Amino acid sequence: MNKHTDKPGFFAALEDSPSADTFLRGLWKDNPVFVQVLGMCPVLAVTNTAENALAMGLATAFVLLMSNVLVSSLRHFIPKQVRIASYILIIATFVTITDYAIMAISVELHKSLGAFISLIVVNCLILSRAEAFASKNTIGNSVLDALGMGIGFTFALLCLGVVREVLGNGSVFGFGLFPDTFQEWIVMILPAGGFFTLAIWLLLFNILKQKRATT
Amino acid sequence: MRETMTIAPEQKTATGSSSKMLFAMVGIGLMCALLIVLTYEGTKPIIAKNKAEALEQAIFKVLPGTVTTAGYYWDGNAFSPLNGMEAEGQPVYAGFSESGTLNGFALPAVGLGYAGEIRVLYGYDPAQEAIVGFYVLESKETPGLGDKIEKDPVFLANFEALSVAVGTDGNSLKNKIRYAKSGEKQNAWEVDGITGATISSEAVTEALSTSTAEWVPKLYGAKDQFEPQTQSHE
Numbered sequence: 001m002n003k004h005t006d007k008p009g010f011f012a013a014l015e016d017s018p019s020a021d022t023f024l025r026g027l028w029k030d031n032p033v034f035v036q037v038l039g040m041c042p043v044l045a046v047t048n049t050a051e052n053a054l055a056m057g058l059a060t061a062f063v064l065l066m067s068n069v070l071v072s073s074l075r076h077f078i079p080k081q082v083r084i085a086s087y088i089l090i091i092a093t094f095v096t097i098t099d100y101a102i103m104a105i106s107v108e109l110h111k112s113l114g115a116f117i118s119l120i121v122v123n124c125l126i127l128s129r130a131e132a133f134a135s136k137n138t139i140g141n142s143v144l145d146a147l148g149m150g151i152g153f154t155f156a157l158l159c160l161g162v163v164r165e166v167l168g169n170g171s172v173f174g175f176g177l178f179p180d181t182f183q184e185w186i187v188m189i190l191p192a193g194g195f196f197t198l199a200i201w202l203l204l205f206n207i208l209k210q211k212r213a214t215t
Numbered sequence: 001m002r003e004t005m006t007i008a009p010e011q012k013t014a015t016g017s018s019s020k021m022l023f024a025m026v027g028i029g030l031m032c033a034l035l036i037v038l039t040y041e042g043t044k045p046i047i048a049k050n051k052a053e054a055l056e057q058a059i060f061k062v063l064p065g066t067v068t069t070a071g072y073y074w075d076g077n078a079f080s081p082l083n084g085m086e087a088e089g090q091p092v093y094a095g096f097s098e099s100g101t102l103n104g105f106a107l108p109a110v111g112l113g114y115a116g117e118i119r120v121l122y123g124y125d126p127a128q129e130a131i132v133g134f135y136v137l138e139s140k141e142t143p144g145l146g147d148k149i150e151k152d153p154v155f156l157a158n159f160e161a162l163s164v165a166v167g168t169d170g171n172s173l174k175n176k177i178r179y180a181k182s183g184e185k186q187n188a189w190e191v192d193g194i195t196g197a198t199i200s201s202e203a204v205t206e207a208l209s210t211s212t213a214e215w216v217p218k219l220y221g222a223k224d225q226f227e228p229q230t231q232s233h234e
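Chains as they are written, first to last, in my numbering: chain A, 1 to 215; chain B, 1 to 234.
Simulated from the structure, these hints should not be mistaken for laboratory data.
If a hint is listed, it holds; no wrong ones were tucked in.
Just a few of them, taken from the derived set where beta-carbon distance is under 8 Å, the chain B residues facing chain A: (1) Gly29; (2) Cys32; (3) Leu35; (4) Ile36; (5) Thr39; (6) Pro143.
These numbers come from a predicted model, not from an experiment.
Beta carbons are placed, not taken as given, at the ideal position from N, Cα and C, and that holds for glycine.
Produce the entire structure from the sequences given, and follow the hints as far as they go.
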């Protein structure tokens, strides 16, 4: 996190370039979780371990990327009246593909993500990017936007997942961190822990943003 | 995807744009369908292989010393081999040791836990007339409380030799598996529960009790019909 704030000059220079700005907006300035607060269902539900968080983030980023590409390339073909239906159709297709792909990669992983893979369809982040960005921009820019937003989303999920797994299970990505005497905070891997962790990250993020704005 | 085609009739006033909408939706629908079919066909064999492997690993866990497995189903009178087909009713998996002798049977069982169904697989050894292994296939029990049924060493020790001896009539168990409060287990057919996970451990006990009452007498009676196998069913 500090990496971002340490180099305001570097970032300011990057933000001047329009395509870099498109990419970076999702990472930091308009981070889908910490700033836009979009797609809270997976953010709270599947971040109980770092591995689940990473898998969910990557799955969402993949769907976002593919649907942005398709929506952007079909933007002159889709009539305005049926655009939302078309977007949903496209998104649902890629979610189904992702679902099969995850099942083929690991049955275990598919079990722990469960219904939340299918629920990517209703992740408002993806529909909002299709409607607000991909339908109005070129394919290249839509790819950048999807990558930025996707990585930003994955990053945010990881932030939650790592904290929850360390406190709730005493491990990161399944590797134990503490001696056996460590008493796990079970609440952190329960749903309530998701709310606590999200609140603390939002607080930190806003403090950091305020500091950047004042300096 | 079919529903999308019914949009057009209501919009007869603007024929030009509605046919455009129809084409757009049908076109996208067809393209999406094609993508899904391709992915499905491409991943189907891998997924089936993964699932079979996961099941086989679970069978190895509940039947110590097993190297090959074979699926069977109950056809009303006797057990018939599945030969890779899906079982209509309850499947039974026989495990064989390296020398090809019958090691025991692995059976799935389902119980209603605190947070939904708990699916378990247990190993039954007809030579010992006991349950010799237990593995949770699927559970949504509360982490730290109910999920002790997967981790608690004292609880898991119940299933190293849980007596399910068949009665003299050959159709029922001498003693059904029963639940006992933590530390109050007295008989070999009782399951020592977990304090703090009463509902979950009771659900497991109930699942095993129901399943063993139905299947163990059948399996015990038919145990000599299972031919020694040296090859895996894959």
